[in-house]
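We have chain A; now place chain B onto it with these hints.
2 protein chains.
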Amino acid sequence: MKRIGRGTVEFTAPPTVLGAGAVGGKKEGQGPLSAYFDQTFDDVSLGYTSWEKAEAQLQNEAVAVALDKAGCTADGVDMIFAGDLLNQCISSTFGLLEYEIPFLGQYGACSTMAQTLLMAAMAVDAGAAQRAVAVTSSHFCSAERQFRTPLEYGAQRTPTAQWTATAAGAVVLGTGGKIRVRRGLVGRIRELGIKDPSNMGAAMAPAAAQSILQFLEDTGSRPEDFDRIFTGDLGLVGTRLLYDLTEDNGVDLRPVHNDCGLMLYDREEQDVHAGGSGCGCSASVLCGHIFTQMEQKVLRNVLFCATGALMSTTSQQQGEPIPGICHVVQLTVE
Amino acid sequence: MKRIGRGTVEFTAPPTVLGAGAVGGKKEGQGPLSAYFDQTFDDVSLGYTSWEKAEAQLQNEAVAVALDKAGCTADGVDMIFAGDLLNQCISSTFGLLEYEIPFLGQYGACSTMAQTLLMAAMAVDAGAAQRAVAVTSSHFCSAERQFRTPLEYGAQRTPTAQWTATAAGAVVLGTGGKIRVRRGLVGRIRELGIKDPSNMGAAMAPAAAQSILQFLEDTGSRPEDFDRIFTGDLGLVGTRLLYDLTEDNGVDLRPVHNDCGLMLYDREEQDVHAGGSGCGCSASVLCGHIFTQMEQKVLRNVLFCATGALMSTTSQQQGEPIPGICHVVQLTVE
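Chains as they are written, first to last, in this note's numbering: chain A, 1 to 334; chain B, 1 to 334.
Bear in mind the hints are in silico, worked out from the structure with no lab data behind them.
No incorrect hints appear here.
If several chains are the same, the list does not tell them apart, and a pair holds so long as it fits within one copy or across any two.
Mimicking SDA-like on lysine to any residue, the simulated pairs with C-alpha atoms at most 20 Å apart in a straight line are:
no., residue 1, residue 2
1, K195, E98
2, K2, Q130
3, K178, T16
4, K2, T175
5, K2, T12
6, K26, L46
7, K195, R240
8, K2, G127
The following block holds chain A by itself, in its conformation from the complex (with noise of 0.2 Å):
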């Protein structure tokens, strides 16, 4: 591993993913990335009795299809990085206790699959581990009651809001796979005053913009060097930011940008307003169709910059900002 920048890394040993898994809800496999998810629950209880234990258990799935689809068993996977909205992280507790891997529990808020990845990726790259093992998930119904309102409350959406995935991504990170992870950076906290918790776009894009165009000027690139930059979930209101800030500093993004949250449902059918959001989103897009995009070589060098907002209701009674963070990590197959 070699620093090139402040908080930016180029894997010199690259890792790489041995397998993946994507699992969602109903609305997810009615959205138009359906076909790239390994699995589906059209009830999004799961079984279970609460939406807390529902979202565990999508984080097991999605480590369990990785798991599979790497070949190895828990006990091949040296460490496991995981994190989610939940208060204090349960659903990566209990929905990964089963395994009993060596556990590292990370808070990016909605930017924990790139988060999570770096950390997995460093830990392969540096030889603490063999294989390494990145996920996250986000509930809609667990998210709705903790962060918003009960479900029963019945709460009308601003449309500015972003509606919370109920989705998993997992990866399996070591040696001898094709798609590589390249480089990465970890991001700043950016705030720039943002206080409306239905506007989570707003508040994440200066660290967005922050984020890609400090990648772009430590690794020397250009956005036309990538078949594709991917926002973690900015939605319709954070991308149209992001554009406007990475264009005041000459860079124009358009050509070659998506966001997760943009592509995870169909906005004009399925009701999600700005856009999806979720550590679910970006997780769920990158190890289902981006991975799957890779493999076909119909992407060859992506970034992939999600990002999270880092508030709790608490700060938000207490009329704090909501600071903003994005990490990116560039991915590629020969």
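Same frame as chain A, now just chain B:
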């Protein structure tokens, strides 16, 4: 870095401590480790309007001290690994925002100091960061109202309950310091059916026993090879259980063991029942007492084994047990 077991690593270019800071509240300043704190605040609001902002400021202060002792500014740090007990780790987000250091949120409950230290050491050893910071905090008042009851409620505490420390610890790792991070073990989640949230020691002891025994096995060591084995915050109940559990495996920790939860306060005088707890407990004992004793070469070879209880109020209300985790870090000085 070399993998010497599943989740166990040996640092080959050992990262060293360049500076550390320990800050605490009034009660911590009145305890037996008082002299080892860099700063204690008699007004535990630190002048802020909420306990959460006060806790965020504790992290900020601890990092400021650590940077100062390391003789560098925030700009000279490539990555910061931080976490805390508050929902969505807001003490870390808001406390560290102004430093603008590439940020990786960690969640290991009260094991967070060992986890962040391990991650920072991996980043430095692997060459991903020239300098990396590890930091965590807890605050009695923010933890009580989030996990238990508001202070105004005046709840009775049971004899097995521990007192959440109002404290933070931060350490800058890099090359050229005296204290070395030599080896580390990433713990596995362990759950033996404990459901009493007023008995965290019992919930965490099985994880501590498992991680310490595994570390001894992976490194071919015995307890007497170390000047001291510190556990995070098992308190009185957890410590007794740890002795029982390790004794069952033919290992006697008593001659070299101490617990940060039993060290931070005077249990006879300070009404903390079974001892101290919270991320800030082991963090401030490490960054104050332990590092000072190592600099003075009173201690030359120690294990720091911070323990965490991976539960939330939601998992508790849903009748789930309390899983524990324990990460191990070996520190030496020549």
